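Starting from the given sequences, assemble the full structure and let the hints guide the process.
Going down the list, the protein sequences come from chains A and B. Just so we're aligned, residue 1 is where the first sequence starts under UniProt numbering, counting upward by one. Just so we're aligned, residue 1 is where the second sequence starts under UniProt numbering, counting upward by one.
Simulated from the structure, these hints should not be mistaken for laboratory data. These figures come from a predicted structure and were not determined experimentally. Not one of these hints is a red herring.
To be clear about the criterion: a stretch of chain A counts as covered by chain B if any three or more of its residues have a C-beta under 8 Å from a C-beta of chain B, and this derived list gives those stretches:
(1) 172-181
(2) 250-261
Restraint-style ranges between C-beta atoms, simulated for each label pair:
(3) A/E99 x B/F276: 49 to 59 Å
(4) B/F291 x A/E332: 24 to 34 Å
(5) B/W43 x A/E192: 45 to 55 Å
The C-beta atom is built at its ideal place from N, Cα and C for all residues, glycine as well.
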Amino acid sequence: MSNREKIAEKVRQWLKPADRRRLRRDDGGADTRFAEGADAVMNKRLDRRQALKAMVTGAAAGAAVVQTACSPLGGGSEKAQLNWEEYFKKNYRLMTDEERAATVTRLERLSKLEQNADPHIQTTPPQKGVLFGYAFNISKCQGYMDCVKACIEENNLDRGSNMQYIRIFEIENGQDGLASANGDFYHEVPAEGHYYLGTQCFHCENPPCVKVCPVGATWKEDDGIVVVDYDWCIGCRYCEAACPYFGRRFNWSTPQIPADEVNQEQHYLGNRPRKKGVMEKCTFCVQRTRKGKLPACVEACPTGARVFGNLLDPDSEIRYVLANKKVFRLKEELGTEPKFWYFTD
Amino acid sequence: MSKPNPIHFFKDAFVTATSGSLRYHLWMGCLTFLMILGSYAYWVQLREGLVVTGMTDHVSWGMYISNFTFLVGLAAAAVMLVLPTYILDDVDFGRAVLIGEGVAVSALVMCLAFVTVDLGGPHRAWHLIPKLGYFNWPQSLLTWDVLVLNGYLALNLLIPFYILYSHYKGEKPDKRKYLPFVVLSVFWAVGIHLVTAFLYAGLPARPFWHNALLGPRFLASAFAAGPGFIILVLGVIHTQTAYTIRSVIFDKLAMITTVAAQINLVMLGSELFVEFYHPTEHAESAMYLFFGLDGHDALVPWIRTAIVLNVVATVVLSLHPLRRRRPILLASCALLFLAIWIEKGMGMVVPGFIPGPLGDVVDYSPTWVEIWITGGIWAMGFFFLSALTKVAIEIETGRMVHVSARKGGEDA
Ligand code: SF4
Ligand code: SF4
Numbered sequence: 001m002s003n004r005e006k007i008a009e010k011v012r013q014w015l016k017p018a019d020r021r022r023l024r025r026d027d028g029g030a031d032t033r034f035a036e037g038a039d040a041v042m043n044k045r046l047d048r049r050q051a052l053k054a055m056v057t058g059a060a061a062g063a064a065v066v067q068t069a070c071s072p073l074g075g076g077s078e079k080a081q082l083n084w085e086e087y088f089k090k091n092y093r094l095m096t097d098e099e100r101a102a103t104v105t106r107l108e109r110l111s112k113l114e115q116n117a118d119p120h121i122q123t124t125p126p127q128k129g130v131l132f133g134y135a136f137n138i139s140k141c142q143g144y145m146d147c148v149k150a151c152i153e154e155n156n157l158d159r160g161s162n163m164q165y166i167r168i169f170e171i172e173n174g175q176d177g178l179a180s181a182n183g184d185f186y187h188e189v190p191a192e193g194h195y196y197l198g199t200q201c202f203h204c205e206n207p208p209c210v211k212v213c214p215v216g217a218t219w220k221e222d223d224g225i226v227v228v229d230y231d232w233c234i235g236c237r238y239c240e241a242a243c244p245y246f247g248r249r250f251n252w253s254t255p256q257i258p259a260d261e262v263n264q265e266q267h268y269l270g271n272r273p274r275k276k277g278v279m280e281k282c283t284f285c286v287q288r289t290r291k292g293k294l295p296a297c298v299e300a301c302p303t304g305a306r307v308f309g310n311l312l313d314p315d316s317e318i319r320y321v322l323a324n325k326k327v328f329r330l331k332e333e334l335g336t337e338p339k340f341w342y343f344t345d
Numbered sequence: 001m002s003k004p005n006p007i008h009f010f011k012d013a014f015v016t017a018t019s020g021s022l023r024y025h026l027w028m029g030c031l032t033f034l035m036i037l038g039s040y041a042y043w044v045q046l047r048e049g050l051v052v053t054g055m056t057d058h059v060s061w062g063m064y065i066s067n068f069t070f071l072v073g074l075a076a077a078a079v080m081l082v083l084p085t086y087i088l089d090d091v092d093f094g095r096a097v098l099i100g101e102g103v104a105v106s107a108l109v110m111c112l113a114f115v116t117v118d119l120g121g122p123h124r125a126w127h128l129i130p131k132l133g134y135f136n137w138p139q140s141l142l143t144w145d146v147l148v149l150n151g152y153l154a155l156n157l158l159i160p161f162y163i164l165y166s167h168y169k170g171e172k173p174d175k176r177k178y179l180p181f182v183v184l185s186v187f188w189a190v191g192i193h194l195v196t197a198f199l200y201a202g203l204p205a206r207p208f209w210h211n212a213l214l215g216p217r218f219l220a221s222a223f224a225a226g227p228g229f230i231i232l233v234l235g236v237i238h239t240q241t242a243y244t245i246r247s248v249i250f251d252k253l254a255m256i257t258t259v260a261a262q263i264n265l266v267m268l269g270s271e272l273f274v275e276f277y278h279p280t281e282h283a284e285s286a287m288y289l290f291f292g293l294d295g296h297d298a299l300v301p302w303i304r305t306a307i308v309l310n311v312v313a314t315v316v317l318s319l320h321p322l323r324r325r326r327p328i329l330l331a332s333c334a335l336l337f338l339a340i341w342i343e344k345g346m347g348m349v350v351p352g353f354i355p356g357p358l359g360d361v362v363d364y365s366p367t368w369v370e371i372w373i374t375g376g377i378w379a380m381g382f383f384f385l386s387a388l389t390k391v392a393i394e395i396e397t398g399r400m401v402h403v404s405a406r407k408g409g410e411d412a
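Written out as structure tokens, the structure is:
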């Protein structure tokens, strides 16, 4: 970087907040186009104030008590009321079915009020006798990245920061380490003399990311999917440091998705839009796979390099691959037991 | 005459802390100014998100957690004074120990502040409160850290409070009442530091941290930087206030600092040997740190500076004639403090992320927001430290006592 660029970069850093503020003021319409607008930020500030008050009055023990005591503070508007109740909800794992239904109702209503959107948020539980597994055929993948695109659209990933769960590495034939791999290639594929290897969250059976979370905001479900409760995560990023596969992504800023591109078929633990300051990751498309569909990446792959299925079903394709192909996993020595295998034809 | 009660104590303490010479007010004013700058930067960060920092998904902890790690060490170092004073009845340390505990309290306040500003959702921090939230204990080392740090803070507030309050009332503190807590706090200090080291050492995903020497090295460097810092503070107190510190205290503290710095260097050498004698893939973080990797070398100047400072300071401290000269002692303590701040902060936390688990090499450098916030938090720490030491000194020198304990005509 030349000195000039450095200075320009510095200036940009200085200007950024002010610029954004100006934009926000001038262009009120722009905010509502995004799934999470300035309103969300406002409400967060409100939450903090109320929380403080709640702590001070010692009423924090029961959200219901607090809510009646302090609702005048929120101005009584429906949105403030809903946000208030959302703020004091429990960790998803501890909620009863009624509480889950209640939060879904609130979230759907909030989307309506804030973005005029009508999402359908499921809470479909893990199905009995299902343990999901994934296999990736490195002889077939050509690096087309259709999976990446499908994932972004299916899972409402932040377009602002160009977030991607899937990474495709281009590796020279004869090399095996990721150290020599190229994770950002911008040229025509497939490149002569190279093979391609995709990574994402591997849904480890023994996930280090889950162990370290101080608030239990991330856990492994019974069907083997490792999920994050976006409303419970405090954003400490310990899990991101603990993941040996770069499987996690953090929302460094408020995610931005054009309103007409938001996938409205959502799951509480899956692709519902996230807020800034929370962790997210691949969920094996929980909103699809628990209903018997394939993950978006598997469906999008034009070469058939991606195999997904139930590891407990002896007749599944994934079981066939595991039984008949030469398979390997990344960093097996760490004992994480990823449910994501690589194989060759 | 009214009986003394804690309300009088805190009122008098407040008055003491907020009055003083012009120099004192200027100093506190500067700190306040820095805190205001830091608050502004934090406000920007709250509004925009952590995107205004230099951190990314690749290097997901930066300056905040680096400072946090270093300050835990500083807090733990108070034990170096506590141990001999209260348990072995070493009168020499008596005057210094309250200062040491003031350092510990200030460092802990800074630690908690650094962790808070690092959170993506500080308003959801109540999820950490056991029972109310979901406290993932004992699995998560971070919950251990929350426990031990808050416990240590409580201990380091209570013990000095009891002692100072007794003196304020004109009584002699009862040893039987506080000694058990002192013993506890000694173990606790080692605990906070080991737990913080385990926070990193428990992550097999990061080979640079995943080694058994991390804990002991944390301790050694803490016991060098901590007493080194206390020497500096005592140096300032000795020259700026009426509270004189005897030379033998400096000598003893300098001894501790020196031995710890030597042990720290030995461990550094052992680490370097393992990493570089036969470099494996796991040595790449160290490679990045000391020499740069694939043309990325943001940390190289930092760590080389740290090593040079470290070696120079340790050598100077190890030579008796040099160490005995007060200005040289203070200067080398400052160098050592700076060296360990770099080495254990930026030099320990950041390279753990580079290269990333999939081989990505992404540089990290802090932005103005991070620097301002960091500056603000340090200013806050010094603010606390100044206020606490001022009160402690005024009590210990008998200038702040309760009216009922005042002996004829003495001025408060
Ligand atoms: S790949 Fe990473 S994020 Fe996914 S389960 Fe394993 S450790 Fe967790
Ligand atoms: S970032 Fe969120 S999910 Fe990850 S460890 Fe912290 S609280 Fe848990």
